[in-house]
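Chemist: Generate the whole structure from the sequences, applying the supplied hints.
Chains as they are written, first to last, in numbering that gives the first Met the number 0: chain A, 0 to 395; chain B, 0 to 395; chain C, 0 to 395; chain D, 0 to 395.
Rather than coming from a laboratory, the hints here were simulated on the basis of the structure.
Mixed in with the good hints, there may be bad ones.
Any copy will do: because identical chains look the same in the list, a pair fits if it lies in one copy or spans two.
As the list claims (entries may be wrong) - Below, in silico cross-link-like pairs of lysine to any residue (SDA-like), each with a Cα-Cα straight-line distance of 25 Å or less:
no., residue 1, residue 2
1, 133, 106
2, 220, 95
3, 20, 262
4, 220, 77
5, 220, 80
6, 253, 2
7, 220, 106
8, 220, 384
9, 50, 91
10, 292, 370
11, 103, 217
12, 20, 40
13, 292, 17
14, 220, 91
15, 322, 381
16, 220, 386
17, 322, 30
18, 322, 262
19, 20, 33
20, 161, 288
21, 292, 119
22, 233, 337
23, 253, 232
24, 337, 31
25, 133, 221
26, 292, 229
Protein chains: 4
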Amino acid sequence: MYMQNPVFIPGPTNMPEVLRKASDMPTLDHRSPLFGEILRPALAGVKKVLKTETASVFVFPSTGTGGWETAITNTLSPGDRVLAARYGMFSHRWIDMCQRHGLKVDVIESVWGGGAPADRYEEILTADTGHEIKAVLVTHNETATGVKSDIGAIRQAIDAAKHPALLFVDGVSSIASMDFRMDGWAVDIAITGSQKGFMLPAGLAIAAFSAKALEALDSAKLPRTFFDVRDMTKSYANNAYPYTPAVGLLNGLKLSTELLLAEGLENVFARHRRIASGIRAAVRAWGLELCAKDEELYSDTVSAIRTPEGFDATSIVTHAARKYDVAFGVGLGEVAGKVFRIGHLGSLTDVMALSGIATAEMVMVDLGLEITLGSGVAAAQDHYRNVHLSAVQAAA
Amino acid sequence: MYMQNPVFIPGPTNMPEVLRKASDMPTLDHRSPLFGEILRPALAGVKKVLKTETASVFVFPSTGTGGWETAITNTLSPGDRVLAARYGMFSHRWIDMCQRHGLKVDVIESVWGGGAPADRYEEILTADTGHEIKAVLVTHNETATGVKSDIGAIRQAIDAAKHPALLFVDGVSSIASMDFRMDGWAVDIAITGSQKGFMLPAGLAIAAFSAKALEALDSAKLPRTFFDVRDMTKSYANNAYPYTPAVGLLNGLKLSTELLLAEGLENVFARHRRIASGIRAAVRAWGLELCAKDEELYSDTVSAIRTPEGFDATSIVTHAARKYDVAFGVGLGEVAGKVFRIGHLGSLTDVMALSGIATAEMVMVDLGLEITLGSGVAAAQDHYRNVHLSAVQAAA
Amino acid sequence: MYMQNPVFIPGPTNMPEVLRKASDMPTLDHRSPLFGEILRPALAGVKKVLKTETASVFVFPSTGTGGWETAITNTLSPGDRVLAARYGMFSHRWIDMCQRHGLKVDVIESVWGGGAPADRYEEILTADTGHEIKAVLVTHNETATGVKSDIGAIRQAIDAAKHPALLFVDGVSSIASMDFRMDGWAVDIAITGSQKGFMLPAGLAIAAFSAKALEALDSAKLPRTFFDVRDMTKSYANNAYPYTPAVGLLNGLKLSTELLLAEGLENVFARHRRIASGIRAAVRAWGLELCAKDEELYSDTVSAIRTPEGFDATSIVTHAARKYDVAFGVGLGEVAGKVFRIGHLGSLTDVMALSGIATAEMVMVDLGLEITLGSGVAAAQDHYRNVHLSAVQAAA
Amino acid sequence: MYMQNPVFIPGPTNMPEVLRKASDMPTLDHRSPLFGEILRPALAGVKKVLKTETASVFVFPSTGTGGWETAITNTLSPGDRVLAARYGMFSHRWIDMCQRHGLKVDVIESVWGGGAPADRYEEILTADTGHEIKAVLVTHNETATGVKSDIGAIRQAIDAAKHPALLFVDGVSSIASMDFRMDGWAVDIAITGSQKGFMLPAGLAIAAFSAKALEALDSAKLPRTFFDVRDMTKSYANNAYPYTPAVGLLNGLKLSTELLLAEGLENVFARHRRIASGIRAAVRAWGLELCAKDEELYSDTVSAIRTPEGFDATSIVTHAARKYDVAFGVGLGEVAGKVFRIGHLGSLTDVMALSGIATAEMVMVDLGLEITLGSGVAAAQDHYRNVHLSAVQAAA
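Modeler: This is how it looks when you write it as structure tokens:
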């Protein structure tokens, strides 16, 4: 396995050389002043990526799942009610976590392939005149279905209901790849990880808390120590950690935010949109459909592609790995066997994307699907060369 | 800061080149069969290092603190009683975590510099005829004081009291550097991290559960998801993780155990003992004393050195960092300002140790302590050259 | 430039992660016994790749050009006659080097796109009844034109002429990618570098000398010190170098030969042929032609592709680099502006090759050539999936 | 061998992390504009390190020995006379190279341990009224004996003799570590390598030519192609190379010069002097003597230390490697077995130097020399802490 193709899983993503090198640090004393020169700019950089000036960012040696747990355990108490919609594996898992922590979840069962239903959120919150619901949970980008939800609409739903609940957003597979407006949408807790838009190895849970979310810390009765934001706050005041931090990954995070901000967030988002659009053009050329129901739901970081009835979509992933050494994502949960997924986030170029499309074509033909070799590639090429040309013209 | 001296903090340790390279992996699909070829041998290797044939090992993208939380949340319920002695900052923190999770802790307040008092454990357990105490907590190596406790004696205390409590051992700064016998001592949960004896970056919490500990999973009522051993068990059966694993670090862990086992665990322990003995010889030559009260308490991974009354021990650490770019450890908690610490675990040679001793001497002289330059070095040199000679003779 | 596409230049090639890591070594004393444990297997490995049991291999911290100079300065004297054909930029440069070193070169001017004309070699050697010609030079693979010559035929020509001249072969862009039989073809000096089939950074010149070539060392009057094989021989006897070796690259070379031999040389060659065939299928689908005149001349490591009359082939390379961040090779010398080159040697997969083909298509369409997007990709996909299928079937 | 002590050989030196990472580059097309962004600043940086505004710098994928060959083959013709003193292994080898290239060398046989005798140079040049001597060769720092020669004095000797000969200086183990004034001393060709003061892996020969030296290119009749400065000049005009460059090492060289210039050359030299002085203090404390005859000859990059009559100095190096895994340098040529060498150049700290001194002490005691353990360390510590203190005071 010494020749390495790009991966097309929806994270961990392909990693830029410079970020791998920044993360691969010799040991540095995390109690020395040098550590602060890593931590401070890393936290400040994340804030800019989140488009927030007011939130506090906390980074745990953990993953996105740990971020979810950070959100709920630091603000809620056993028996608290929370509101969440289930429309994919990751929204499901967060709901499951809440239930396992003794929270009462008002679950809005939604279609897998649809987004978070803002109208249903509004209805339920409006009905909750006693304000028993303490938090509203939304998965910004459902990695299982390739669906992006409209967080602004959820915020409007909460406001329309004049409800004081906190808004928690899982941005694990959206943040740093698609537009995310922590302040603009008045998000109270945003969660992400290192291994997606930040293009780093897995190992960091990133949680940003609004001032309102921080106010809940002391009343929250769910037990936590490792994920306790209070300990983190105290330590950060001294540029330190309550336990041993993942120094190398933090150094990578610092550089990652520098790269993203130097490229310009809007350019980063446009790049993801361009690459995703090429992949969607390929899917259309193949005569296949996305799991996402609607164009405005299309995720720019992952596409879940429905295969014909009776065909085992998982075989595409297995075959691609075995024969071509290329990694795609399988369908999960309700859409297991029905979709396969192409991850297209993080460190990816048009050129790399074309190799993923070309591989998917070979695999599908190998497995007997009626796909014309080169058809998806041509559609994506057409998109890439024209969008690029416009960019070049615009710059001229 | 482009010239790198060894660090002499009690972890994260100096890292071998090969382990850094093994940990710095390109992205590998953690849902592919290739991942199993990393995970399985890593887990098997850890078992051998723990000297257990029966325990189950779980590795979380977290740190030792997360390991503590794994131990208590997977086996205990709110209101449960546990027994623990406090004799340093790390035993203190585990107790604090238990209390924050709603456990009732029978705290044995002990002297900092002493070890876990097996007799007191036995007394209390014997008195607990109703077997309300569910778990006994011990810190094998108190990193704050450089004290190694006798886990075998604690096991005997439990057995003498004929008490069914589980035995949880924090081996964060002992495992893989000092003898640890999970089966021999009938330890129920052993906790460690990646950044100490395994010589890797921080980022992995390693928890080993005995069969008896696993039996407690279902009855344990403390909420947990990220650290839930049940999810981990289910996923491991498919060589998978319940969330994104830290693949690179796991690959490093696999190689780390290979290196340790190839060297031979007893040789690894002897190496740590040899290096530690040299450092202790230096301390004696300086006319200073260890925080550890007794020779049998001396830790082979960290030495906490008392400085004269009225002298601020922390200034040694600050000065060494600022003037010589060398990292030592400060005193923590009760011994803050009274001791400074030399970490001597992980990837360290006699030659590197001598540079740490030499630096400490310069620092102490700079700060006005009555130390003879070269005195500690000479004592350590004498030790190193003779122990090495014996080894060479033995091998001949 | 933090996102990295594969390169499609005819060397330096894409490098496998493991070889980069093996080459990136901490400093090791090259006068210590450890160095021999790198040097010996590296030399032994190269011998196996060259399919020789009798030759002596020498590795200089230099490049292929230095290898050419090693060949001529160690065996020839000013005024000596050598025979060489010119059919590309690299055969031209070796001839030029000979002339600059005071050798008389009988140049066979041949068509660029053709191979080494064995019949003309035979004629001239047969006519040289006084055996004034001391060496016969052949470029195995003309990197400028993508032409592979038949070294066995040249050997037959020499033998048919009953001529004692030495046979020097430039195998820089063939060795370790295409079949090379040092003993089978009775090659006297074979030259290559680290940055092609060995998939390493540039920085090593590799020269293998037959026993007959070594006999010429003492009589050779061309001055040399850095490239003197006699100094190298003396030093190698002690696992040492006459000056500072490039230890890291040698360590990389050791591992490279291990990887190549583990894969199996014939499998390595078949892989290059498969990938090259796919690229040639794409060229045919585009309606373009290779510079190489004949099918048996097709190189499996580089394809030089003729563009239509009046089109500046170099613009393809410039445009691909600027717009798509992909590197192809320009035409050199006589075919400058007439061809562009796709390098397909070293560490390359079918999947990566498809991304190069797809990029070339976009570029050509951007520049107004009448190429159908996806056409070349489809042709290559068809080839790759079928050849792979056969391999899978054969293995079953 | 997975635990790495610093090396104490006089090159290749210990390498800073950042330089290793800069040198370990993914493949970059050396014919693309990106390459110029590496090459130009690397060449400009070297000029500043050489303190020249007028010289042209050329960098070959080779080593210092190749640099020597570059100097003589580009400026001289067979039969030309050159003047050189022999006072160590490296001055000897350069003389030997000249002779093997057919030059007539006026050798000034000098004592090993002494420097280049400016008075003898002046005598001979004055006597050469016919100006037959074309070049004067001097080894700035004799790595074999730890002797630094006075290049300014040689320049004065040439000028006093009103002689037009070119001045060639081997600065392999001095440049970037000790003061070197290419313009100030009117050096015509300066030679160095990547693996000493530049702290990089071996693999680059660096040659700087004055305008006067460049004038000799066309008349020079010694054959050369790989080392031909004319080809290099032509290619550099297009930010290119006449053959494949060592791109990664050039990128390392670029960063190395940036680091050196950011630290300040005089600070770099002072740092080498400070570390060297500490080592010399240790030698005095041991009651041993340097090979260098006089204080003004002491090299700041390497110390050759005489051992007592009848003792085999080489055994120190062998024993240190075998027992302590530390690399020192053996004596070479005339002083083989009489001296061992401590290299103290490149990336080295006081703290690392102390570990080398401590190791040497253990080794010498092991081997029966009457050395007091810790004595040299104490002398060096005393030096380091005081020099550092002054620096701290000066900065305050």
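Chemist: Would you mind marking each hint as holding or not holding in the structure?
Modeler: Structure-based check of all given hints:
1. Only within a single protomer do residue 133 and residue 106 lie at most 25 Å apart by alpha-carbon distance; the minimum there is 14 Å, versus 36 Å between protomers.
2. When the C-alpha separation of residue 220 and residue 95 is checked against a cutoff of 25 Å, the pair qualifies both within a copy, at 19 Å, and between copies, at 16 Å.
3. In this assembly of identical chains, the alpha carbons of residue 20 and residue 262 lie at most 25 Å apart whether taken from the same copy (19 Å) or from different copies (23 Å).
4. In this assembly of identical chains, residue 220 and residue 77 lie within 25 Å of each other by CA distance both inside one copy and across copies; the values are 7 Å within and 12 Å between.
5. Within a single copy, residue 220 and residue 80 get their C-alpha atoms as close as 13 Å, and across copies as close as 19 Å, so both meet the 25 Å cut-off.
6. Taking CA atoms no more than 25 Å apart as the test, residue 253 paired with residue 2 passes between copies only; the shortest distance there is 17 Å, against 29 Å inside one copy.
7. In this assembly of identical chains, the alpha carbons of residue 220 and residue 106 lie at most 25 Å apart whether taken from the same copy (22 Å) or from different copies (23 Å).
8. In this assembly of identical chains, residue 220 and residue 384 lie within 25 Å of each other by CA distance neither inside one copy nor across copies; the values are 55 Å within and 54 Å between.
9. In this assembly of identical chains, residue 50 and residue 91 lie within 25 Å of each other by CA distance neither inside one copy nor across copies; the values are 27 Å within and 39 Å between.
10. In this assembly of identical chains, residue 292 and residue 370 lie within 25 Å of each other by CA distance solely inside one copy; the values are 22 Å within and 35 Å between copies.
11. Within a single copy, residue 103 and residue 217 get their C-alpha atoms as close as 20 Å, and across copies as close as 21 Å, so both meet the 25 Å cut-off.
12. For the identical chains of this complex, residue 20 and residue 40 are neighbours both inside a copy (18 Å) and across copies (22 Å), given an alpha-carbon limit of 25 Å.
13. Proximity of residue 292 to residue 17 under the C-alpha cut-off of 25 Å is found in neither arrangement, the shortest distances being 38 Å within a copy and 43 Å between copies.
14. For a Cα distance limit of 25 Å, the shortest separation of residue 220 from residue 91 qualifies both inside one copy, at 23 Å, and across copies, at 22 Å.
15. With identical chains, the CA atoms of residue 322 and residue 381 are at most 25 Å apart between copies only, with a shortest distance of 14 Å across copies and 28 Å within one.
16. In the homo-oligomer, the alpha carbons of residue 220 and residue 386 never lie at most 25 Å apart, since the shortest distance is 52 Å inside one protomer and 56 Å across protomers.
17. Taking the closest pair of Cα atoms, residue 322 and residue 30 come within 25 Å of each other only across two copies (16 Å); inside a single copy the shortest separation is 48 Å, beyond that limit.
18. Taking the closest pair of Cα atoms, residue 322 and residue 262 come within 25 Å of each other only across two copies (16 Å); inside a single copy the shortest separation is 36 Å, beyond that limit.
19. Taking the closest pair of Cα atoms, residue 20 and residue 33 come within 25 Å of each other both inside a single copy (18 Å) and across two copies (20 Å).
20. Taking identical chains as interchangeable, the C-alpha atoms of residue 161 and residue 288 are never at most 25 Å apart, the minima being 39 Å within one chain and 66 Å between chains.
21. Taking identical chains as interchangeable, the C-alpha atoms of residue 292 and residue 119 lie at most 25 Å apart only when both belong to the same chain, with a minimum of 18 Å there against 66 Å between chains.
22. When the C-alpha separation of residue 233 and residue 337 is checked against a cutoff of 25 Å, the pair qualifies only between copies, where the shortest distance is 23 Å, while the shortest distance within a copy is 48 Å.
23. Taking the shortest alpha-carbon separations for residue 253 and residue 232, only the intra-copy value of 19 Å comes in at or below 25 Å, while the best inter-copy value is 34 Å.
24. Only between protomers do residue 337 and residue 31 lie at most 25 Å apart by alpha-carbon distance; the minimum there is 19 Å, versus 52 Å within a single protomer.
25. Proximity of residue 133 to residue 221 under the C-alpha cut-off of 25 Å is found in both arrangements, the shortest distances being 13 Å within a copy and 21 Å between copies.
26. Taking identical chains as interchangeable, the C-alpha atoms of residue 292 and residue 229 are never at most 25 Å apart, the minima being 41 Å within one chain and 35 Å between chains.
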